[in-house]
Structures are given as C-alpha cells and as structure tokens.
Amino acid sequence: MSLVALGVGLVFWGVSFLFTAALALLLTRLLRTGRPALDAVMLGFLWIFVVTFDLFAHGLAGVLSRNALVVTSGIGLGAILLIPGVRSKLRGALVELGTWWPHLRRAWSDLPGWLRVLTVLAFALGSFRFVFLVWALPPFVWDSLTYHLTNVAHWIQSGRIEVFDAPVLRIYSPANYEVFATWFAVFSHHDGWVELSGLPSYAIAGLAVYATARRLRLTRTASWLATLGTWSTPAFVLAATGTKNDPMLAAVFLCILAVTVDIAADFAEAADRPAYPRVLALILMTLYGLGTKPYLLHLLPGPLVAGVVLGGVRPSLTAVSRLPTRLLHEARAQRLPANLTVLGLLVAALVLGSYWYVRNEVLQGNPFYPYGVNVAGSVLEPPEGPTFRLDLANLWANLQLTGGKFGDKQGRITPDLPGTTGWGWVGYGLGIPALLWAVLRRPDFRALTLGFCLSGLTLLLSSPTSPWNMRYMIWFPALLCLALGAVQDGLQRSSRTTRNALAVLFAGCLALNFSSTVNYNLVKAADLKSMLERPFWDRQAAYLRVHVPLEYENALLRVPPEAILGYNVHQNGFIYPLFRADFSQRLAYIRILPSESCGDIARSLRAAGTRYLVGAPEHTDDSILALLHGCGEEGTILRELGVGLYVLPQGS
Amino acid sequence: MYSRKAPEPSRWEAAAVVLFMVAMTAWYAWPQIRYSLYPLLDIWRALLSG
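Chains as they are written, first to last, in my numbering: chain A, 165 to 816; chain B, 7 to 56.
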C-alpha cells in the first residue's frame with residue numbers, strides 16, 4: 165500500500181468520524197439526563213450506534229466502500245453545517261459539551277495526589293500498551309479468525325453485507341460488532357487498526373461504572389477507583405483488542421445497568437425527572453445488544469431486579485404503572501421534529517436488533533441459526549449446531565466449571581480465558597473482601613449484587629459448558645470494583661495507616677493487572693520481535709504463530725494475491741488469515757467428501773476457478789487431510805506445493 | 007434499599023477489611039504472581055539479548 169493511499173484513507177476516515185460524531189452529538193440531546201457522567205455514556209453509546217447503522221445501511225445497499233462512505237459522510241456533514249436550524253443545534257450541543265469541562269476539573273481536583281499520579285501512569289502505560297499491540301500484532305484470537313473477522317473481510321472485499329458460502333456457520337450469528345469493526349478497516353482497506361474496534365466499548369463500560377457509582381452516592385475518588393479497577397480487569401483488557409463481540413456486550417450491559425440504577429434512584433428519592441430520554445436509551449441499548457449477541461436477553465433480568473429492589477418494590481411498581489401516561493405526556497411536550505427523530509432512531513434500533521434474526525429465519529428457517537434453542541426440554545428450533553438449553557443441569561455444570569476457575573489457579577490469563585475467570589488482582593485481592601463488606605453494610609449493594617448474580621446465573625443457565633465460558637462474564641468484576649469504591653468511601657474516617665495501606669494495595673494490584681496483560685500473556689517476545697521485523701503492511705494474521713499453523717503462511721507466500729485460493733476447513737477452522745491483511749485474496753470454499761477421488765477434487769477446484777487448495781491440521785478434518793496427502797504423494801492430478809498447499813499443474 | 011447515608015465503619019472495622027484484602031491478595035498471588043511477572047521478564051530477557 166502506498167503512502168498516498170494511506171493518507172487518502174486516513175482523510176476519508178476523518179470525514180466519516182466528523183459526520184458520525186456530529187450526528188451523535190445532535191442525537192444525544194434526545195437522551196440527555198442532566199447527569200454529566202451518564203450523559204457521557206449516552207454520547208459514547210450513540211456514536212457507536214450511529215457508526216454501526218451508517219455502515220450497515222451502506223452494506224445492505226451494496227456500497228460498503230470508503231469512496232461511498234466519504235461521499236455520504238460529506239453530504240451529511242455538509243447538510244448539518246449548511247441547514248441553519250441543524251447547525252445551531254450542533255452549536256448548542258458543542259456548547260453543552262463544553263459545560264462538562266468544569267465537572268472534569270472538579271473531579272480531577274477532588275482526587276488525592278496518589279490517585280492522580282496513578283491515573284496519569286495508568287493512562288500513559290495503558291494507552292501505550294493498546295497502541296503498541298494493535299500496531300505490532302495482527303488479529304489472532306480464535307473466534308475472530310473463524311468468523312468475526314471473516315465476515316468483516318468478506319464484506320469489505322465484496323462491498324456488501326451478505327452471507328456467503330463458508331463451512332463456518334457462525335458467520336450467520338448476529339453481527340452488529342462486526343459491522344462496527346468494519347469501520348476500522350474499510351478506509352485503509354487493511355486490518356492494521358481493526359483491533360481498535362473494541363476500545364470504544366471498553367471506554368464506555370468504564371464510564372458506565374463511574375456513572376453507576378456516582379448515582380450510588382460514591383464520592384468522585386471512590387467512583388474513579390471503581391472505574392480504574394474495571395478498566396484494569398485482565399479479562400476485559402485482553403478482550404478489548406481481541407476483535408470479538410464480548411466487550412461490546414459487556415459495555416451494553418453496564419450501560420443498561422447505569423441507566424436502570426439512575427431510574428431506580430429517582431423512584432427511591434421520588435425525584436421528578438424526565439423518563440423519556442432514559443426509557444428511549446434503554447430501548448436503543450437493548451435492541452443494539454440483541455443484534456450483537458442474543459445472550460443479552462439472559463442478562464436483562466439482573467438489572468431489572470436490581471432496579472426494582474434498589475428503588476423499592478412499591479415505588480417502582482407505582483412509577484412503572486404510571487410510565488405510559490408519563491411517556492405520552494413527555495412526548496407530547498416535545499416538538500414534532502424531535503419526535504420524528506426519535507421515531508427514526510427507534511426504527512434504526514429495531515433494524516439493527518432484528519435484521520440478523522429475520523434474515524436467518526428467511527434463509528434457514530431458524531432465527532438463531534446455526535444454533536438450536538431448547539427451553540426445559542422443548543426444542544424451539546431444530547438444532548444444526550450446538551443447542552442452548554435453559555435447564556438446571558446446565559447451570560449446575562457451569563457453576564462447577566466456574567468454581568474450578570475461581571481464583572485463577574489453573575494457569576495464566578489469556579484472551580480466551582481457558583481455565584481462568586480473568587478477574588485479576590484488583591477483583592480478587594480487593595474486590596471480594598470489599599463486596600462482602602458492602603453487602604453486609606450497604607443495602608444498595610445488596611440490590612446491586614442480587615442483580616449481577618441473577619444475570620450471571622441466567623447466563624450460566626444457558627451458556628454451553630465449555631472451558632471458555634467466562635468470556636461472557638467479563639462485566640462481573642465491575643461489581644467488585646464498585647464495592648471497592650464503597651470501601652474507599654467507608655475509610656474516610658479511619659486511620660491514615662489504613663487508608664495508605666489501601667492505596668498501596670490498589671496501586672500494587674493495578675500494576676500487577678497491567679503486567680499480566682502486557683503481551684496478552686500469550687505472545688512470546690521472540691514472536692513479537694519477528695512481527696516487528698516485518699513492515700506494518702505485511703504483519704499478516706497468517707504469520708503469527710500463536711494459533712495459526714504454518715500451512716496458512718505457506719499458502720500466502722506461494723499463491724499470487726490475484727489468484728483465487730481454494731480452501732477446505734471444518735466448522736471451527738480459520739478462514740480469515742487467508743484473506744490477507746489487505747483483503748486482496750479472493751477465496752473459494754472447496755467442499756470435499758472423504759469418499760471423493762483426486763479427480764473429483766480437481767473438478768471441484770476447476771469449477772471454483774482456482775488451481776490452489778489449502779488445508780491444515782486442526783482446521784481441516786483428518787480424513788480430508790489424509791486424502792489430500794495421498795493425492796499429493798501420487799502427484800499426477802494434484803501436487804503438494806509446500807506444506808498443506810496443493811496445486812493443479814498448469815494446463816491440466 | 008437506596009440510602010442517602012453511607013455507613014461509617016469504626017477504625018477497627020476498616021482495618022479488618024484492609025487486612026482481609028491483604029490476605030486475599032496473598033491468596034491470589036499463588037500462582038498468579040509468576041504468570042503476572044513472566045511477560046515482563048520475557049521482554050526484559052529479549053531486550054538484554056538484543
């Protein structure tokens with residue numbers, strides 16, 4: 165890629181950012197709560213929402229390219245700046261954004277000196293770590309290479325959001341995260357920065373914890389401690405740049421919780437604040453989350469119950485029964501353009517929340533394809549892949565599995581969390597004692613703990629019992645960190661020694677959390693060095709020897725980028741590395757049955773318009789590999805061109 | 007359950023909570039201290055070897 169192309173891509177990316185940010189700023193007025201921390205959460209969420217819908221609309225229209233995006237962004241930005249009414253609203257939104265500055269200054273000046281130093285160090289080192297790893301390493305997490313980024317690469321290559329012929333059926337899964345991630349790769353037509361796509365979720369998850377803490381009347385210092393603790397959680401840090409959808413769902417869950425706590429606190433205080441913006445936010449977040457991962461449905465009972473218990477059952481039920489009248493009243497008080505915009509937002513959210521399920525129902529006759537859904541023994545859809553069951557045996561098996569992981573005693577914490585919870589030093593060392601204290605001493609924390617535990621239990625009721633099941637619970641340590649904030653506030657009148665001891669413990673645990681995640685706890689220095697020796701544009705996912713076998717690298721080295729590359733992998737095999745980092749390699753899935761002959765395989769290759777076929781151990785079925793190996797040994801129809809790559813001779 | 011007033015633990019209670027934290031951190035340290043420091047040691051060794 166030339167420097168000019170890179171520069172143009174960056175400029176186009178900037179135009180798209182300005183347009184989406186301006187739109188999010190305009191829309192955030194509809195979700196304004198009057199509480200700066202929660203308003204910041206709303207703005208962050210809306211920006212993610214706007215970017216996703218923008219890319220989604222382009223993808224469905226078949227114009228998912230940087231040129232189309234810059235044209236529509238430019239037109240949109242021009243309209244915002246040229247239409248006087250809209251321009252003045254944007255100016256108003258910017259002025260309002262400026263009013264956050266005094267809050268930030270006050271929050272900063274309230275922090276004790278040691279926490280300010282720690283914050284500066286944590287931000288500097290944390291940002292350096294994120295930027296360095298994104299720059300140095302290609303994507304390497306297993307599920308990303310099987311289906312998350314496979315979708316992204318195919319959509320960018322074809323310019324269209326569509327399903328395609330692939331053996332990994334999970335490409336049918338709800339994909340709001342993948343649409344959002346596409347924004348980080350489509351402008352440069354390269355995956356060099358795609359790992360940044362988890363960071364907005366990571367950021368708003370921390371902000372949501374801060375907003376929740378403030379609404380629970382924690383001081384700014386305590387709320388910030390909870391936020392830093394959440395941001396340092398190894399499971400969350402490792403997932404943030406792992407190009408998977410778990411951080412996005414964790415962020416949506418914590419945002420929903422923050423809004424629910426805010427509403428519940430109003431119920432308890434009998435405060436008369438507008439309900440319309442927050443109810444609208446809850447609807448948008450829920451629909452967006454459902455379009456990201458269906459298990460959000462299992463997480464929702466937790467915030468709901470926590471909210472009702474926190475606000476008091478009677479006040480909550482009274483307020484909820486009056487809600488429709490109140491919403492109608494508040495909607496009538498708004499001007500028509502505002503209500504039309506709300507309607508537009510709701511339609512967009514409904515589309516993002518339901519499109520994937522409707523598409524799967526139409527194409528496969530099962531909205532949850534490729535999964536089956538089984539509730540208490542009754543199969544709702546015929547399963548083709550794993551079946552999600554809501555039953556107590558599943559819960560018990562998952563609890564036993566989680567119990568074995570408690571304390572992270574089984575091994576190092578890595579992105580897929582095999583055998584560990586990944587809650588880290590702050591969560592276990594400080595968070596668990598803090599939670600026990602908070603549950604005993606603070607009624608509001610009993611409600612919050614009930615909500616988190618209920619969400620965890622309903623999730624474990626349905627989650628497959630795999631060694632990696634804690635990836636779905638990276639939001640849980642936020643509760644431990646909130647409790648730590650409560651302890652920090654409780655120590656205000658204790659001895660200086662006790663307060664200093666907590667400060668030293670927190671700083672130490674934060675440093676150890678950082679240290680344990682510095683290189684994903686997985687990538688050896690030698691592998692990192694070998695990646696750094698390559699130019700940025702050539703740091704291919706196929707070259708990093710964490711999970712990807714040598715066969716993938718061999719294929720990229722020997723097959724010309726302009727040729728079609730045939731591949732055969734099973735349902736959990738890697739496809740993404742074969743696209744190349746710049747998405748230039750066109751791929752064709754070659755179906756092979758173990759009973760086929762070498763001639764049959766050759767015919768399949770010719771029908772797909774390719775001479776090349778790659779397969780690899782652990783990613784291709786052993787019987788197919790044995791068949792290919794036999795053909796290669798024979799050497800008449802297919803020849804082996806280096807390890808795992810087979811080629812039809814020229815002119816055959 | 008939402009309360010305006012935060013609890014104010016006694017000095018002893020506060021000290022007990024922090025001591026519990028020290029104990030939990032020590033419990034968590036085995037074997038995680040090894041895994042947490044390993045990446046830094048690995049990088050340090052790589053830097054030394056050029």
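Be careful, since some hints might not be right.
Just some of the chain B residues that point at chain A, by a computed CB distance under 8 Å [what the hints assert, rightly or not]: (1) Pro-13; (2) Glu-14; (3) Pro-15; (4) Arg-17; (5) Ala-20; (6) Val-24; (7) Tyr-34; (8) Gln-38; (9) Tyr-41; (10) Ser-42; (11) Leu-46; (12) Asp-48; (13) Ile-49; (14) Arg-51; (15) Leu-54.
No lab work stands behind these hints: they were computed from the structure. Note that this is a predicted model, so its numbers are computed, not measured. Just so it is clear, CB atoms sit at the ideal spot from N, CA and C, and this is done for glycine as well.
Against the structure, the hints:
1. Pro-13: This hint holds: B/Pro-13 lies near chain A, its Cβ roughly 4 Å from the closest one there, short of 8 Å.
2. Glu-14: 6 Å, holds
3. Pro-15: 5 Å, holds
4. Arg-17: Given a least distance of 5 Å, the restraint on B/Arg-17 holds.
5. Ala-20: 4 Å, holds
6. Val-24: Result: holds, 5 Å to nearest chain A Cβ.
7. Tyr-34: 4 Å, holds
8. Gln-38: 6 Å, holds
9. Tyr-41: 4 Å, holds
10. Ser-42: Because about 4 Å separates B/Ser-42 from the closest Cβ in chain A, which is inside the 8 Å limit, the hint holds.
11. Leu-46: Hint holds; B/Leu-46 Cβ to chain A Cβ min 5 Å, cut 8 Å.
12. Asp-48: Where the cut-off is 8 Å and the nearest Cβ of chain A is about 5 Å from B/Asp-48, the hint holds.
13. Ile-49: Hint on B/Ile-49: holds, closest Cβ of chain A at ~5 Å, below 8 Å.
14. Arg-51: 7 Å, holds
15. Leu-54: 11 Å, violated
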